[in-house]
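Colleague: Chains as they are written, first to last, in full-length UniProt numbering: chain P, 1 to 478; chain W, 1 to 478; chain V, 1 to 478; chain L, 1 to 478.
These are calculated hints, taken from the structure and not from any lab test.
Hints are not guaranteed to be accurate.
Below, a list of computed lysine-lysine pairs in the BS3-like style, where the Cα atoms sit at most 25 Å apart [to be verified]: (1) Lys320/V <-> Lys467/L; (2) Lys397/L <-> Lys407/L; (3) Lys350/W <-> Lys123/W; (4) Lys137/W <-> Lys350/W; (5) Lys397/P <-> Lys154/L; (6) Lys88/P <-> Lys350/P; (7) Lys159/W <-> Lys320/P; (8) Lys467/W <-> Lys159/L; (9) Lys159/P <-> Lys320/L; (10) Lys325/V <-> Lys320/P; (11) Lys320/P <-> Lys467/W; (12) Lys159/W <-> Lys6/W; (13) Lys159/W <-> Lys325/P; (14) Lys209/L <-> Lys325/P; (15) Lys172/L <-> Lys467/V; (16) Lys209/L <-> Lys123/L; (17) Lys320/P <-> Lys409/L; (18) Lys88/W <-> Lys6/W; (19) Lys154/V <-> Lys320/W; (20) Lys154/L <-> Lys209/L; (21) Lys373/V <-> Lys373/W; (22) Lys325/V <-> Lys373/W; (23) Lys409/L <-> Lys154/P; (24) Lys172/V <-> Lys409/W; (25) Lys320/W <-> Lys467/P; (26) Lys159/W <-> Lys325/V; (27) Lys325/P <-> Lys325/V; (28) Lys137/P <-> Lys6/P; (29) Lys325/L <-> Lys154/P; (30) Lys397/L <-> Lys154/P; (31) Lys172/L <-> Lys209/L; (32) Lys407/L <-> Lys159/P; (33) Lys154/P <-> Lys88/P; (34) Lys373/W <-> Lys320/V; (35) Lys159/L <-> Lys320/W; (36) Lys325/P <-> Lys320/V; (37) Lys137/V <-> Lys6/V; (38) Lys467/W <-> Lys154/L; (39) Lys159/V <-> Lys407/W.
On a predicted model such as this, the values are computed, not experimentally measured, just so you know.
Chain by chain, the residues run as shown.
4 protein chains.
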Amino acid sequence: MGLMTKDQYIESLRKLNPVVYMFGERITDVVDNPRLRAGIEATGATYEVAEMDEYRDLAITTSPLINEPVNRFTLPPGSIDDLVHRVKLNRAIANHVGTCHQRCTGLDCLSALSIVTYDVDQKHGTSYNQNFIEFLKYMQKNDLTANAGVTDLKGDRSKGPTQQADDEMYLKIVERRSDGIVVSGAKVHQTGSLSSHEIIVLPTRAMRKGDEDYAVAFAVPADAEGLIHVVGRSSLDGRELEGVDCGNVRYSKNCPTLIFDNVFVPNDRIFLCGETEFAVDMVIKFSSFHRQSHGGCKAGKIDCMIGAALTLMDYNGTSKVGHHKQKVIDMIHRAETLYGCCLASSYEGKQQASGSYFIDTILSNASKIHEGKELSESIRLMIDIVGGFVADMPSDKDFEHPEIGPKLKRYFKAVEGVPVENRIKMFRLVEKMAMESADTISDIHGGGSPEAHRVTILRESDLESKKRSALRLAGIEG
Amino acid sequence: MGLMTKDQYIESLRKLNPVVYMFGERITDVVDNPRLRAGIEATGATYEVAEMDEYRDLAITTSPLINEPVNRFTLPPGSIDDLVHRVKLNRAIANHVGTCHQRCTGLDCLSALSIVTYDVDQKHGTSYNQNFIEFLKYMQKNDLTANAGVTDLKGDRSKGPTQQADDEMYLKIVERRSDGIVVSGAKVHQTGSLSSHEIIVLPTRAMRKGDEDYAVAFAVPADAEGLIHVVGRSSLDGRELEGVDCGNVRYSKNCPTLIFDNVFVPNDRIFLCGETEFAVDMVIKFSSFHRQSHGGCKAGKIDCMIGAALTLMDYNGTSKVGHHKQKVIDMIHRAETLYGCCLASSYEGKQQASGSYFIDTILSNASKIHEGKELSESIRLMIDIVGGFVADMPSDKDFEHPEIGPKLKRYFKAVEGVPVENRIKMFRLVEKMAMESADTISDIHGGGSPEAHRVTILRESDLESKKRSALRLAGIEG
Amino acid sequence: MGLMTKDQYIESLRKLNPVVYMFGERITDVVDNPRLRAGIEATGATYEVAEMDEYRDLAITTSPLINEPVNRFTLPPGSIDDLVHRVKLNRAIANHVGTCHQRCTGLDCLSALSIVTYDVDQKHGTSYNQNFIEFLKYMQKNDLTANAGVTDLKGDRSKGPTQQADDEMYLKIVERRSDGIVVSGAKVHQTGSLSSHEIIVLPTRAMRKGDEDYAVAFAVPADAEGLIHVVGRSSLDGRELEGVDCGNVRYSKNCPTLIFDNVFVPNDRIFLCGETEFAVDMVIKFSSFHRQSHGGCKAGKIDCMIGAALTLMDYNGTSKVGHHKQKVIDMIHRAETLYGCCLASSYEGKQQASGSYFIDTILSNASKIHEGKELSESIRLMIDIVGGFVADMPSDKDFEHPEIGPKLKRYFKAVEGVPVENRIKMFRLVEKMAMESADTISDIHGGGSPEAHRVTILRESDLESKKRSALRLAGIEG
Amino acid sequence: MGLMTKDQYIESLRKLNPVVYMFGERITDVVDNPRLRAGIEATGATYEVAEMDEYRDLAITTSPLINEPVNRFTLPPGSIDDLVHRVKLNRAIANHVGTCHQRCTGLDCLSALSIVTYDVDQKHGTSYNQNFIEFLKYMQKNDLTANAGVTDLKGDRSKGPTQQADDEMYLKIVERRSDGIVVSGAKVHQTGSLSSHEIIVLPTRAMRKGDEDYAVAFAVPADAEGLIHVVGRSSLDGRELEGVDCGNVRYSKNCPTLIFDNVFVPNDRIFLCGETEFAVDMVIKFSSFHRQSHGGCKAGKIDCMIGAALTLMDYNGTSKVGHHKQKVIDMIHRAETLYGCCLASSYEGKQQASGSYFIDTILSNASKIHEGKELSESIRLMIDIVGGFVADMPSDKDFEHPEIGPKLKRYFKAVEGVPVENRIKMFRLVEKMAMESADTISDIHGGGSPEAHRVTILRESDLESKKRSALRLAGIEG
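Given only the sequences and the hints, what does the whole structure look like? Please build it.
Modeller: Structure representation (structure tokens):
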């Protein structure tokens, strides 16, 4: 009850018993598996910072719903201030962990549901909002983490859910019972599914008449019966398992594929069930919130990359090199662009019918379009600055080897006074930030593909007013 | 007294008698010279919108100083809200005029002076702030326009003011009298000097001991004795003079060189006089405010360009062409990036010792760095979309010619139902927005050169905190 | 007969009597009209360099057709060496004139016709190639200049030639007679039409069955009866007319609209007449050659811009400024990229059935795609380096004014030892190169729009072989 | 003797006995270690293609030195044709292997030495060229592979070799004996050191008086006494070791750190020894050749990436999606730009005093500057097109798992008719091409850092001629 410490959070996960596979094996000790633990630690940081003087005011607020202090990651935004704090908190934590803390996705689901369930009920007389409010209270009171079960496999991309050769290419209601529904299918890129207590499922795209079985939103515990987490490969996945050369010595990320094998959802955990016309709203609200989350988070990640680049400039003896400074500026500019557009989208947010606040979508998508292109460029700049050891630095096992270790340490030394171990560690961190697929691919595809962000700003812009100005100035009458 | 209408504004300029040269000739009818008038009309729009329902709330506010309604362009920001409104108003007016309205520069001077004169007085026991407050009251009560006399010629750029072969390469105090000072020198790129009632002069760069004669700020009327406005060439300067093919049928821009030939400044109009260490503050405050002004303004100008591009897509029959839409998205993205960073810099502003508010400089410079590169790209995109007639469309005189006019009009027709005249006019507007040097060069150099913006974000960023994060994550102890 | 000197060339134009309008007036003294003359001078440079030791070997070669020395601009490429020399000659002349010399377009037509007329004859038993060969001999023997009448108005872009509301939106055969054809319509952006002796007309796009009246290619003298040249507006068009502030003191460019009002073409000047399936070949061959011409030419123009930037760095006192050097590197890189891809497209050329050589279209289009984006960027970089006077420098009339001239000259002086006049002139040249619409718009739209270049490299690439490699490496069997 | 088949090549490596460490362990079965073997296979492809009809003409030529057929990778360029074939062969093999074949570096050393040893001898009367020629005959007659021992650790980058705290931060002659020299130090990023029979060492930077012990070039066998290869970490290094999820089922890359622990070099294997002023020539010649090698190679690698992207468009059902096609065009454009500039640099090569041919350095560096930025962008585009599975696709061990395998295969199916296994394999290949650090980092740092390429084009360009043009056009005399 109430706010959890980081340790309590980790203990709370031990009580769950999810079905997990990784590399062909069943994993039972999720919390103690070093690869999975590194991801859990990153989410743990959202609990940890709530205890730190430096971040507490950003991380802790009071929920008007339960009238108690809550971690901001369980609070749908109820004000402009809440929207803005989301961004600042995400930047701060990303800078703290140097990777994805994973807890934003659940909040983005809660935020979207806080708006759309209300609207569905208004139209259809349903009680999804009541279900949601109860669920939200539970999340807040217990300081829980949720993940976002949004992305379906989609099968043949040129076809909709019902046109697929296999009817489960989108997660589907396979049975409607008096006490609830049974769903089957899969969700992929499930960032934080093993750091989470709850899995919140939303539709992944607009639905139309006939897609009723696919227009579904709900929440189930991360160890619900029938749920299978399959942890996939990522580029550096072996490092934590080997316990060496991790780069980021504290945190990492993984994003399982989540199979729903006839999972039962009780009625009071259902937030949408067949009202097809609201699927698109849920997707847009969720993905817009999530793009905003990215804007803060990725700015913070670039902050880390800048820090690593500057430190290696010190270590390499290039702190005064002009083009290195220019490249640092290029990195700062990218971080601040993401952050600026994202902050603006928050300050320009508007209250919705349910009372929750929603961001300005043009500005949040403007931020995300930059992320999709410029994070990759920021990584390239960091590599350019620090030099080629990102490619092929010997293992710590070699550096510690009695015979070759001393030789290697001799030759990898650079600026006097800097312990060679520090230089090695910093290069390893750069490798992690640059080359970890589990983390970096979401710069491009997280929150929807880059094209989705582009289409959004076209659709949301007031094109007619722009035309009217041009017509007036050209001297063309009404 | 009080707010002026646009007509009153124009009449008020008739009462001034500035010394003006253009193309080797003395100009006495400034207000009725068609080229100069087009610039004055653009500034007039800042008065006009204050009368329009659509913009009034944005444009008019109450000055706590005089406790009367004032045009926002005479109000140094006294709150976050004021900072934000500056951006939105600039975007709205830029969209309305499709060029530079010129009145932001005076406000940027007022805003900078409202902060720095206070600080100088605190340190030196001077009374510049009192001088400034009285001047500000005068500006507000009479709804006047000022321009920013900031940019010196600078002579040999590798040398400071006192190292130059000629001691007036920076504007200089040439005489100190009991009732005031006499200054000589020149200021260039004087956007709006002929749309202005007052010229406000600030230093153009940091000064050091020995530069006392150059560390000077003051205001004089635009027709002060000894002031000479030399209106320079710009790429399309002939069009208004000929009265044909203007493109923007209402507005234009020009930026005279302003020569100060022993101009007397009375004591109560002096805002800095020899306190060299504050020169840099004035420049930074002014240029930061001005970069923020650009962020709103240029977003509004891109809005116009988007409107012209979309309209010509309609006229040319390419509204459904996919790559044209993609290019419109690229334009929108650029407008919103400028705007987003600029808005964020405003929302994140902080109150200064004097009570005025100042923006976040990292974010405003992040916006300006984009402007310096992306306005040019936006223009290129617009030209790409609309086609090659930006290069060489026949003159309206040809289109109206009895013999060849009908032939030309026949062949320049495109989509049925669109009068050929409209298509011609819209191409002409595009030409104006794309190729008018007086306007477009300030995308690059307005508010300081691009390098200045870059250096600023490096200097203002908290680099140490970024390093600390990297060190912690790499596992490097304290 | 034989090679002309530049003076002879100019005299030869005096013998023509084209119908010309400019700004609503009939122009009869084309050669002596200062605006038109500046364009003619640029074409004249192609004759001038043929007399200069430095360029003669590049400019003069021997035609196997007439077995006499000819200017390379009348020689369709008969070898790889010819293809390569085209590029180098274009770069050299562009650097020499700092703008468009206009004579490439005629050569690009001759080159395209030398290939396609042969192919048409092979299929249809026509004698277009014989017509062409005779015309070519005439061009070579008299060292004539031709322009390319390619770009139609196109009307509603969503419709083909026969679907337009007006049947002359594409140039059309309106009568077929025993001794020739009569054509009507218009061609736009006629670079060099008044520097040319001959107008060569080609179709502007692919044609299909039913478009026979539009599938037409031919040549007529520049003063043929019924031809009307309408010289359009360009951004700096007034400067040569005023005779002041020209920037480029020698050369300029203009691109008339050309109206064909029932122009008769005798049979022996017809190169295509109704064979619709070959229209696309003519366009592709012409535009590919023209894109190659651009690659050399625009590299040479960037060379000039680099020279101006470097000179102003000397004049301004910024030669040692690091970021200025970086921007010069960025400019060089762009020039060499255009040039490199273009050279490669030439070296990789292939002989065609007719014996002429044709370039590699992927590489020439790769070059042109860079031009469409990077010339604009090069201009921006130049402006960034040199400073803001591109916007609004006072007129030479002001600098020469007895009263304000001395003051202006005083203040515009920079590095000691550099005459202020030189600095002024160099800024004016920069203004011309940056802001002359007649010249710069062709960076984007010359040789077809940017999208055309992109589509070409997709269509021409061997996509299947790339897929095969990926399949093999992924371990996917046949 | 004579050309080896790929099998013979691999057998020939078995005869070597290099000292190798990887991840803290001594490796004795280099050829059969799966990770190292994958790299050896890639070099093996240079032997394999020499036997294939498709590539034989490109790969095999006759050496005028030994008058026998040789693999092009042992032939310093003796003609323009040789230069051009280098590029085409590198593109073809890169497309064939989808990664780095590693054999170019040795050829780049041979090519540099063929020029510079001659020049040193001319000046100093040494016999390095004779040493080199004998070594070259040995390489050619036995069809051997060499690697390039160029990159030193460099220690503190702000200091030269003799200023370092440790005197072996650059590889050093530690003893001069009558029969040879003894060297100590280390070289890093030794691409292909375990695929090679010989290690060729060159200086890594310009040297000056006093640096004699560091101005050294020579060759030693890959298993010379005192040589230690330490195979470092790369992002996907575990995959070949595990034997699963390799992505590229045939090839990979690794780049050991090479420690020289008192390695003896006999006199006849020395190519430079103390002639400090020629160090810079060796570096420039080597790195220029190597940048040219990259231009061909990386174009070929992008070809593979395009192939993978197109195939996944087919598999995902997005072949007709417009923005996907646009991104493919962007990838093609990048490949052709690298290739075009690189080809041009070859065609524009010049013969050197020794008789060998050297490329145009401006154009080869123009190519490399694009590589340093655009390979990263090409990877980003590929990821954008194919979707997010690059991040976290389940392992093949999961897909083959009896329980969850069938479920996973069901959900990962996309377009009908495409076996799910193929889709999985193709995603894995994309992961390998996108995220393999050993390969991708060399896009940025291979052949010297990006800044080195930029400085080169500035230094090599004829800036004065560009200034002269600008001065003439501006009307500035003499």
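Colleague: Take a quick look at whether Lys467/W and Lys154/L sit within 25 Å of each other, Cα to Cα.
Modeller: Since the Cα atoms of Lys467/W and Lys154/L sit roughly 23 Å apart, the hinted pair holds (cutoff 25 Å).
Colleague: Can you confirm whether the C-alpha distance between Lys320/W and Lys467/P stays at or below 25 Å?
Modeller: Holds. Lys320/W to Lys467/P sits at ~16 Å (cutoff 25 Å).
Colleague: When you check the alpha-carbon spacing of Lys159/V and Lys407/W, does it fall within 25 Å?
Modeller: Holds: Lys159/V and Lys407/W sit about 21 Å apart, inside 25 Å.
Colleague: Between the alpha carbons of Lys325/V and Lys320/P, is the straight-line distance 25 Å or under?
Modeller: holds, 17 Å
Colleague: Given the hint that Lys88/P pairs with Lys350/P, does the C-alpha gap stay at or below 25 Å?
Modeller: holds, 19 Å
Colleague: Taken at face value, is the distance from the CA of Lys373/W to the CA of Lys373/V at most 25 Å?
Modeller: holds, 12 Å
Colleague: Holds or violated: are the alpha carbons of Lys159/W and Lys325/P at most 25 Å from each other?
Modeller: holds, 24 Å
Colleague: What's the verdict on Lys325/P and Lys320/V, does the C-alpha distance respect the 25 Å limit or exceed it?
Modeller: Between Lys325/P and Lys320/V the Cα gap is close to 17 Å, so the pair holds against 25 Å.
Colleague: Between the alpha carbons of Lys159/L and Lys320/W, is the straight-line distance 25 Å or under?
Modeller: violated, 60 Å
Colleague: Are the Cα atoms of Lys397/L and Lys407/L separated by 25 Å or less?
Modeller: holds, 13 Å
Colleague: Please verify whether Lys325/V and Lys373/W have alpha carbons no more than 25 Å apart.
Modeller: The given pair, whose Cα atoms are some 18 Å apart, holds under the 25 Å limit.
Colleague: Next pair to validate is Lys172/V with Lys409/W; report whether the Cα-Cα distance is within 25 Å.
Modeller: holds, 17 Å
The structure fails to meet hints 12, 14, 15, 17, 33 and 35 from the earlier list, while all remaining hints are met.
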